[in-house]
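*Asks:* Letter by letter, the chains look like this.
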Amino acid sequence: MKYTFILVATPGAEPAYGSAEWKDYAAEYGAWNEQAAKAGIHRGGEAVQPPERATTVRKLSDDIKLHDGPFAETKEVILGWYLVEVDDLDEAIKWASKMPLVDRGFGGIEIRPSVDFSQG
Amino acid sequence: MSDKPLSKAVIKHHLDDAYAAEWGRSVALLLRLTRDLQTAEDCVQDAFESALVYWQRDGIPDNPGAWIRKAAKHRFIDAARSSRTRQQALQRLSYLDQPSVQNDEIEELDVLIKDDELALIFLCCHPAIAVTDQVMLTLRTVAGLSPRDIAAAFFAKDEAVRTRLLRAKRKIRGAGIPIKLPEAVEIDKRLKQVFAVIYLIFNEGYLASRGESAGRPDLAREAIRLAIRLLELIPNNNESHGLLALLLFTDSRTPARVTTQEILIPLDEQDRTRWNHEVISVAFKHLERALACELPGRYALQAAIAAEHAKAIAYMETDWSAIVALYDGLLEIEDSVIYRLNRCVALSFSDSPLAALEQLAELEKDATLESHHLLSATRADLLRRAARTDEALSAYRLAVDQADNAAVQKFLQRRVRELEAKN
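Same order as they appear, the protein sequences are chains A and B. So the first sequence is residues 1 to 120, counted in the working numbering. So the second sequence is residues 121 to 543, counted in the working numbering.
For the record, the hints were derived by calculation from the structure and aren't laboratory data. Remember, it's a predicted structure, so these values are computed and weren't measured experimentally. Beta carbons: idealized from backbone N, C-alpha and C, even for Gly. Among the clues, some could well be false.
Said to hold, decoys possible - One side only, chain B facing chain A, incomplete, derived with CB under 8 Å: (1) Ala239; (2) Ala248; (3) Ala250; (4) Ala295; (5) Ile297; (6) Pro298.
Unchecked claim - Taking lysine-lysine and the DSS-like style, the derived pairs with C-alpha atoms no more than 25 Å apart in a straight line are: (7) B:Lys309 x B:Lys291; (8) B:Lys277 x B:Lys300; (9) B:Lys431 x A:Lys2; (10) B:Lys312 x B:Lys190; (11) B:Lys300 x A:Lys94; (12) B:Lys277 x B:Lys234; (13) B:Lys291 x A:Lys94; (14) B:Lys300 x A:Lys98; (15) B:Lys312 x A:Lys94; (16) A:Lys98 x B:Lys405; (17) B:Lys542 x B:Lys530; (18) B:Lys309 x A:Lys94; (19) B:Lys234 x B:Lys190; (20) A:Lys98 x A:Lys75; (21) B:Lys291 x A:Lys98; (22) B:Lys431 x B:Lys405; (23) B:Lys291 x A:Lys2; (24) B:Lys309 x A:Lys98.
What the hints assert, rightly or not - Calculated Cβ distances over 12 Å to all of chain B for the following chain A residues: (25) Met1; (26) Ser19; (27) Ala27; (28) Ala92; (29) Ile93; (30) Pro113.
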């Protein structure tokens, strides 16, 4: 099965970009990426730009409406996503738990199973 | 097989027995074929319905469970329309039909069915499912309660329970929650969740947290049945013994805990001769097994506390210092407000109500229990025993407002009346 990992955290929870602490943190992402690639589960992923640059698209009463901002008004925002392919949700949870964001307690990952269009 | 035709009532009785004993295991086995919980349940339900007709005609089979599973399997294979689904099902079936296992009437595959049943329990108690849904799924799928029974148990609408169950089953399928035994490293963690679900079921039955109790299925009994089954499936687990001991000790007090008017009788006023001493002696055996390890778990320790009450001939004869020590052990495992509250009560006897009030003041700073009637009721009780009547009265009145259980409210109101009479 394919799963999308959506990385979320409160702004400022992670080390500041470019700081010494950030360098360690980034190296841990590198290690996770390497492990996942080695296990053959890594299907891609991106870091996304901050919420001020987000646009949410919705259809309201048959009309496409654009909303400037993230999907919901909560403190946490999306930081990026990963696409992994593993056997089942337990495997996905295992990999998500090893993600530095989760491991370090800075934020969470929303796991969304991808739609399997082949099942009709 | 019996030769005489049986009455519908007799068949119904046998079916009810078979239902209680075989529902969960049958769904578990069918799940191996269907890979879908709803389909598995539908097949087993169909099999039970056809049993009503066939058993009346042919008599009760020697092994009702095997009969049900066989009928359910055939139901699924007949219903599998596409040849591909059918082929897949037959492949999954093949392990059931090896040459060495010709006779469906004996439990030839007991070990495999046990694993399937255990996998089903873990599936229903999967942490990716909301806890309320875990409880309902376990009752429906493992214990075989109907959605209507579950609705009655939780004072919910039938339709709401059906919707929840359906949503949970869709989540299992859609999110790819695996139908298999957890990995060895995960077993302990996942078992804790199973224990928690069983304990929640028990408490829902034991406390009936809202309203009156008439017409509700006996959830306490269902929980005990699940705990016993879990112990059969995973023998020699200390904490499983602990959980069962705790449920049994608590359940043993049932005959003595409410008046005929459904008013709650507190532990200190219960007629201990009315406790079920047969149940207590079984509970002690499980407690012994639960404590036979280096670090007894939370259920073992709670059972040990219940055992102290069972041992004492009267409330005031209870070994309160032992109970305080057991709560200290529990608090090392988990810092829970309820444990701290109960420790306060034990301390009020082993030391003094004033010492306990001091500890309680610390606890009241904790916001999580802010509006909980237990906190006010405990404070009220300590104040009453410290002869601070006016303060006790207002604490009792607050507790009455906060309680949402009729039996508890009636008890607290009684205390208010007693104090008013004294004042």
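*Asks:* Against the structure, test the hints numbered earlier, and report the numbers of the ones violated in rising order.
*Replies:* Checked against the structure, the hints that fail are numbers 1, 3, 8, 9, 10, 12, 16, 25, 28, 29, 30, while the rest are satisfied.
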